[in-house]
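**Q** Here is what each chain is made of, one letter per residue.
Protein chains: 2
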Amino acid sequence: MLTAKQHELLLFINQRLDESGISPSFEEMKEALDLKSKSGVHRLIGALEERGFIRRLANRARALEVMKMPEGGNVGGNNVARFAPVKETKPQIQIPVAANDVMEIPLHGKIAAGVPIEALEGQNSLSVPMALLGAGEHYALEVSGDSMIEAGILDGDYALIRKANTARDGEIVVALVRGEEATLKYLRREGQQIRLDPANGSYEPQYYAPHEVEVQGKLAGLLRRYH
Amino acid sequence: MLTAKQHELLLFINQRLDESGISPSFEEMKEALDLKSKSGVHRLIGALEERGFIRRLANRARALEVMKMPEGGNVGGNNVARFAPVKETKPQIQIPVAANDVMEIPLHGKIAAGVPIEALEGQNSLSVPMALLGAGEHYALEVSGDSMIEAGILDGDYALIRKANTARDGEIVVALVRGEEATLKYLRREGQQIRLDPANGSYEPQYYAPHEVEVQGKLAGLLRRYH
DNA sequence: CCACTTTTGTTCTCTAATCGTTCCATTCAT
DNA sequence: ATGAATGGAACGATTAGAGAACAAAAGTGG
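Protein chains in written order, with the working numbering: chain A, 1 to 227; chain B, 228 to 454.
FYI, nobody ran anything at the bench for these hints, they're computed from the structure. Just so we're clear, the structure is a prediction, and the values are computed from it rather than from any experiment. There may be inaccurate statements among the hints.
[Unchecked claim] Under 10 Å between C-beta atoms, here's a sample of chain A residues computed to sit facing chain B:
#1 L126
#2 A131
#3 L133
#4 I149
#5 E150
#6 L154
#7 I172
#8 L219
#9 G221
#10 R224
#11 Y226
Beta carbons are placed, not taken as given, at the ideal position from N, Cα and C, and that holds for glycine.
Kindly produce the complete structure, drawing on both the sequences and the hints.
**A** Set out below in structure tokens:
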């Protein structure tokens, strides 16, 4: 799927994102790849984007995001005992269903209950207006608990998650902690540590080493139903 | 399903992808299959593609992707015991849920800004899965302000409103006050008065005479988008 | 809030090497 | 022979690297 250069760049971006949470600038990527011009980086970025490995905000500085990693490349930056065979790779194309601007996305179960998401992949799915999602592969989780209540995310809401391996500081992510517990939290980095912040005064922030936390996606939308 | 050569090539591609994450070039595949021309590889690739075993980006270098492996061939190369022998990772259309239907509901503008809703009926509309709505006529409003923040309704959210003239105590309604100001509030009755409760400690409940308040609908759902 | 500077991303042009595509001749096995 | 598989080579497209000028965003100081 990738050329050597593309692969090299992707690895570098992923590493930097993993370590510092800040995407490298074109200049830095240029240096990392030992190039003397940024234009090459630009083309490589374009190729990676075309292939769905990264996403970016147009005309924004340091706004890269790794969506997936190729086989063989280690995702978590370093050798984590990644218990789950992270089968995440092969992208299943999301096909817009009959109705014009609505998409069916899989509903993977509840989150915050300490269960790895992969475990409970069901057949359920949810129709979501495309306006709520961007590009990329998405899935939905039913929110359980009140740990994000101050972010306006209530028990029973449906969180729409875009698959991603990385996130920037302050984003709300689905984080798999030590391969066992998946939670929805604010992601922040403090020095060499990863901090998972709930949005509820009654709960404490939690600190982890980078290799203990795997980002499985970031919050892209929210659905709530009143009765 | 596959000829010997096709099978051999598929195995090779998968192996390389697994080991390095970089797809082999035609030249490399030629070598691997011990051919003396790339044209043969070209045909084999075409055959594999036709049968859905691989996918590729047209006219792109090293842009192969393995979709599935024939029975017997292990997909995951080395590291992990890839649990599912990946029988089909193809397009995989998602299964529609119960009420798959979608509704286009009009987007009437913002609420909470002191403007009667009717005034700004625009052309905009929003596609919403019917599962989120019940029966009845609906419309959407963009929430402006933070007066309902403690109810998990944030600035910029889209409120899905079901048209109604009445509501029960404690429901969140769109209330038109004295014919001029439309707001989203909890509705409560206290004796002969109507009480509109914000969900924000910084705001005070407001009391009105019944004839001053017209219920224009009740909150039926909520959509939020993260960027 | 504005003007100014720095950082960062975008685009274009050239050059070269790699890569994919195609067509046609040749070989091989029935 | 005849159809299928293979070989060969020319061709065009993509990938890559460099350099520079430009435009847009972010940061700074008044």
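**Q** If a hint holds in the structure, say so; if it doesn't, say that too.
**A** Against the structure, the hints come out as follows:
no. : hint : verdict
1   : L126 : holds (7 Å)
2   : A131 : holds (7 Å)
3   : L133 : holds (8 Å)
4   : I149 : holds (7 Å)
5   : E150 : holds (9 Å)
6   : L154 : holds (5 Å)
7   : I172 : holds (7 Å)
8   : L219 : holds (5 Å)
9   : G221 : holds (5 Å)
10  : R224 : holds (4 Å)
11  : Y226 : holds (5 Å)
Of the numbered hints stated above, none is contradicted by the structure.
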